[in-house]
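K.L.:
The primary structure of each chain is shown beneath.
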Amino acid sequence: MPDWQAVRLTVALASATAAILLVVGLPVAWWLATTRWRFRGWVEAIVALPLVLPPTVLGFYLLLLLGPRGMLGGALESLLGLRLVFSFPGMLIASALYSLPFAVQPFTAGFRAVDRRLLEASWCLGVSRLATFFRIVLPLSRPAVLAGIVLSFSHTVGEFGVVLMVGGNIPGATRTVSVSIYDSVQAMDYASAGWTAGLLLAFSFVVLSTMYSLQNRTRTPIWPKAST
Amino acid sequence: MAEGIDIGFSLKYLDGPGINVAGLRLAADPGKVAVLFGPSGSGKTTVLRVLAGLTRPDTGRVVFRGQVWFDTRQPLCLPPQQRNIGFVQQDYGLFPHLTVAQNVAYGLRALPAAERDARVHETLDWLDISDLSRRRPSEISGGQQQRVALARAVARRPQLLLLDEPLAALDAPTRRHLRGELHALLVRTGIPSIVVTHDPSEALALADEIVLLNGGRVIQTGTPENVFNHPASIEAAEILGVDTMLDGIVSSQDAALVQILAHGVRLTAVSREPLPAGTRAAICIRAEDVMLARPKADSGSARNRLPGTVLHTSDEAGLVRIQLDCGFLLRASLTRQSCQDLDIRPGSPIDAIIKAPNVHLIPRVSNP
Chain U
1 MPDWQAVRLT
11 VALASATAAI
21 LLVVGLPVAW
31 WLATTRWRFR
41 GWVEAIVALP
51 LVLPPTVLGF
61 YLLLLLGPRG
71 MLGGALESLL
81 GLRLVFSFPG
91 MLIASALYSL
101 PFAVQPFTAG
111 FRAVDRRLLE
121 ASWCLGVSRL
131 ATFFRIVLPL
141 SRPAVLAGIV
151 LSFSHTVGEF
161 GVVLMVGGNI
171 PGATRTVSVS
181 IYDSVQAMDY
191 ASAGWTAGLL
201 LAFSFVVLST
211 MYSLQNRTRT
221 PIWPKAST
Chain A
1001 MAEGIDIGFS
1011 LKYLDGPGIN
1021 VAGLRLAADP
1031 GKVAVLFGPS
1041 GSGKTTVLRV
1051 LAGLTRPDTG
1061 RVVFRGQVWF
1071 DTRQPLCLPP
1081 QQRNIGFVQQ
1091 DYGLFPHLTV
1101 AQNVAYGLRA
1111 LPAAERDARV
1121 HETLDWLDIS
1131 DLSRRRPSEI
1141 SGGQQQRVAL
1151 ARAVARRPQL
1161 LLLDEPLAAL
1171 DAPTRRHLRG
1181 ELHALLVRTG
1191 IPSIVVTHDP
1201 SEALALADEI
1211 VLLNGGRVIQ
1221 TGTPENVFNH
1231 PASIEAAEIL
1241 GVDTMLDGIV
1251 SSQDAALVQI
1261 LAHGVRLTAV
1271 SREPLPAGTR
1281 AAICIRAEDV
1291 MLARPKADSG
1301 SARNRLPGTV
1311 LHTSDEAGLV
1321 RIQLDCGFLL
1331 RASLTRQSCQ
1341 DLDIRPGSPI
1351 DAIIKAPNVH
1361 LIPRVSNP
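Chain order of the listed sequences is U and A. Reminder that position 178 of the first sequence reads as 178 in this note's numbering, one-by-one numbering, no gaps. With positions in the second sequence counted from 1, the corresponding number in this note's numbering is that position plus 1000.
In isolation and in its complexed conformation, chain U is listed as follows (with noise of 0.2 Å):
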């Protein structure tokens, strides 16, 4: 049997993850999308760096960060008398910042390829920027955005090293599908570990086919071409 507790942790885990980034992410990228600030290379690195950084780099920079006697968490630590270290709301943070590029490129590339005439068509018919966003932009890079969501949640279904870094592995707690299937390999469980692992390849798999066939339909025009 899989080990099911792990996996409604899993889901609550991703899916507020995918929120978080959501409302994180969508500001990030129209800023990307659209600034002509000269050092906007450096915030698309820093945004592009979880892709090639090894989980434990971040684990272990978020471990001081988060730790009782880090900045972040020593703080929360003396004010609310919250832990982050070895806890969700520890590793919800962990996995936002480890699934950012996975929200925040998506968007971006979604966000440029809405033609900026329309956006100025909008803005000359009254329309503030901020309903510009919701009422054109949106709705054009819908596909985008909706595989940037899609996108991060698959992504933080399936890390491991950073929410075991953080996370640790308490059942019930922390102990996510990734940390359970090798929890069991190590106690040579392998039919659960099978089990589990069948799971997430199977969710993944239709995860992602669900959502490239989407975006092959609703290809929005970007530009209607003139012509008589």
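It should be emphasised that the hints constitute simulated quantities derived from the structure, not laboratory data. Keep in mind that this is a model prediction, so the values were computed, not measured. Where is the CB? At the ideal position from N, CA and C, for every residue including glycine. Careful: at least some of the hints might be erroneous.
[To be verified] Label-pair restraints from in silico Cβ distances:
| id | chain 1 | residue 1 | chain 2 | residue 2 | range |
| --- | --- | --- | --- | --- | --- |
| 1 | A | Arg1065 | U | Trp37 | 54 to 62 Å |
| 2 | U | Trp37 | A | Ser1141 | 40 to 48 Å |
| 3 | A | Glu1238 | U | Asp115 | 33 to 41 Å |
| 4 | A | Ser1141 | U | Pro89 | 54 to 62 Å |
| 5 | A | Ala1114 | U | Ala173 | 32 to 40 Å |
| 6 | U | Leu49 | A | Ala1114 | 38 to 46 Å |
[Unchecked claim] Only some residues are given here: those of chain U computed to face chain A with a beta carbon under 8 Å:
| id | residue |
| --- | --- |
| 7 | Cys124 |
| 8 | Val127 |
| 9 | Leu140 |
[To be verified] Taking lysine to any residue and the SDA-like style, the derived pairs with C-alpha atoms no more than 25 Å apart in a straight line are:
| id | chain 1 | residue 1 | chain 2 | residue 2 |
| --- | --- | --- | --- | --- |
| 10 | A | Lys1012 | U | Arg36 |
| 11 | A | Lys1012 | U | Thr35 |
| 12 | A | Lys1012 | U | Met188 |
Dock chain A against chain U, hints included.
P.N.:
The following block gives chain A in isolation, referenced to the frame of chain U:
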């Protein structure tokens, strides 16, 4: 309260030349059309974008009917949202994910739903595109897209309409067909319009007032006849590419041959378009198309043989430019040898001959 629009600004692009517009004043009377005319790179689109609030000049001041829209000394730059303008872009900029009716309703959020629907229907009816209301922009023709873009812009009842090359996205036959129609529509809106174009026939068909731009500067302003017929400089004449421009009224048409009267002189022109008697048209004649001959006694009856007097001659790179009085000012251009053969000098009588196909007519819709 000050009427009209006052524009003065300077702007330097990172990779291009600077644009300096000083003391440009447009009348902006209701239903009147001002045309910003010039070759590409002359800065005409920049002037339009500065008026729309989409491009911010380095320094300057833009005042519309006493409202300051831009002033670097205050400093103040009203965003496009607060200028209450209608902007029609070159490719129309219709929102591809919205239907025609939703596009037209887009800028009307502030109105109550019932009033908004009524306004959309009224605007679509007025432009005769009600049957398209449920279609997407990708499902309609370029000419229809132009009407939708105009509908979307006028639905908000803006105080100024700005149109950037409104006909450039269309193929040539459609463009010719829509030229007159667009002018009639702009007049009917009762809103002052400013149109950018690089096409002289478009400028003539649409303009009540022309602003000639070149190299980022305004080089001449005035009525079309004034600007086209009296270029203030050689630079202006070269840009206009027309040597003689007259206002005429069609007296009759027989198949492709059109008889037209201008300044009491009858001319014959060739036109494939039907031009009913009474139609106003601009008559354009290039100097190279004017042939000169010694006066003949019975010249009055021959087709487009106009007796006249030489007013002025000037040498220009091997050619002699000649100004004639034939009842109107006619410009001709001849080699020096021909000039000597014909004994052309100021005051001498001469006949000008123009082949009918070289008399170009551009119909103009008269203002009510």
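K.L.:
Take a look at whether the Cβ-Cβ distance between leucine 49 of chain U and alanine 1114 of chain A falls inside 38 to 46 Å.
P.N.:
54 Å, violated
K.L.:
Below or equal to 25 Å on CA atoms is what counts here, so check lysine 1012 of chain A against arginine 36 of chain U.
P.N.:
It holds: about 17 Å lies between the C-alpha atoms, which stays within 25 Å.
K.L.:
Starting from lysine 1012 of chain A, check that the Cα of threonine 35 of chain U is at most 25 Å away, please.
P.N.:
The given pair, whose Cα atoms are some 20 Å apart, holds under the 25 Å limit.
K.L.:
Is it true that the C-beta distance of glutamate 1238 of chain A to aspartate 115 of chain U lies inside 33 to 41 Å, as the hint says?
P.N.:
35 Å, holds
K.L.:
Looking only at beta-carbon atoms, does the pair tryptophan 37 of chain U, serine 1141 of chain A fall within the given range of 40 to 48 Å?
P.N.:
41 Å, holds
K.L.:
Does the alpha-carbon distance linking lysine 1012 of chain A and methionine 188 of chain U stay inside the 25 Å limit?
P.N.:
With a Cα-Cα distance of about 72 Å, the restraint between lysine 1012 of chain A and methionine 188 of chain U is violated, given a limit of 25 Å.
K.L.:
Less than 8 Å between beta-carbons is the criterion; does cysteine 124 of chain U satisfy it with respect to chain A?
P.N.:
At about 4 Å, which falls below the 8 Å cut-off, the nearest Cβ of chain A leaves the hint on cysteine 124 of chain U intact, so it holds.
K.L.:
If you take the shortest Cβ to Cβ gap from leucine 140 of chain U to chain A, is it below 8 Å?
P.N.:
6 Å, holds
K.L.:
Classify the hint on valine 127 of chain U as holds or violated, based on whether any CB of chain A lies nearer than 8 Å to its CB.
P.N.:
Result: holds, 7 Å to nearest chain A Cβ.
K.L.:
Go ahead and decide if the range 54 to 62 Å is satisfied by the Cβ distance of serine 1141 of chain A to proline 89 of chain U.
P.N.:
57 Å, holds
K.L.:
Within 54 to 62 Å: is that where the Cβ-Cβ distance between arginine 1065 of chain A and tryptophan 37 of chain U falls?
P.N.:
37 Å, violated
K.L.:
If I claimed the Cβ atoms of alanine 1114 of chain A and alanine 173 of chain U lie 32 to 40 Å apart, would that claim hold in this structure?
P.N.:
56 Å, violated
Going through the hint list in order, the structure does not satisfy hints 1, 5, 6, 12.
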